[in-house]
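K.L.:
Just need the whole structure built from these sequences, with the hints factored in.
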Amino acid sequence: MSNIDKRATELLIENGVLVADTLKQTVSGYKSCLRTGHERILDLGGDCDSPEVMIAGNTDIQQAEKLLAAAAGKGEAS
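Heads up, the sequence shown is in this note's numbering, so the first residue is 58 and it goes up one at a time.
These aren't lab readings, by the way, just hints derived from the structure by calculation.
Any given hint could be a false lead.
Unchecked claim - In silico EDC-like pairs for lysine to aspartate or glutamate, Cα to Cα no more than 20 Å straight-line:
1. Lys131 / Glu71
2. Lys88 / Glu122
3. Lys88 / Asp78
4. Lys81 / Asp117
5. Lys88 / Asp104
6. Lys88 / Glu109
7. Lys81 / Glu109
8. Lys81 / Glu71
9. Lys81 / Glu122
10. Lys88 / Asp117
11. Lys88 / Asp106
12. Lys131 / Asp78
13. Lys123 / Glu109
14. Lys123 / Asp78
15. Lys88 / Asp100
P.N.:
As structure tokens, then:
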């Protein structure tokens, strides 16, 4: 493998890690917003599903977590 190929591979790995870290932060932030919104609604006297129910029913969060789990599995296998 040439030095250019090695560096290209290193950059792909670094960028993949950066994307995964960013996605983890995004999912965490989204969950935090749901929890904060839930608390605020209850504080104002409203009724709302629990954050766990909202998180479990959110297909965007579920897809992101599946993607992160798959990426983690591939990382462990290499």
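K.L.:
Find the hints from earlier in the document that the structure breaks and name them by number, from lowest to highest.
P.N.:
none
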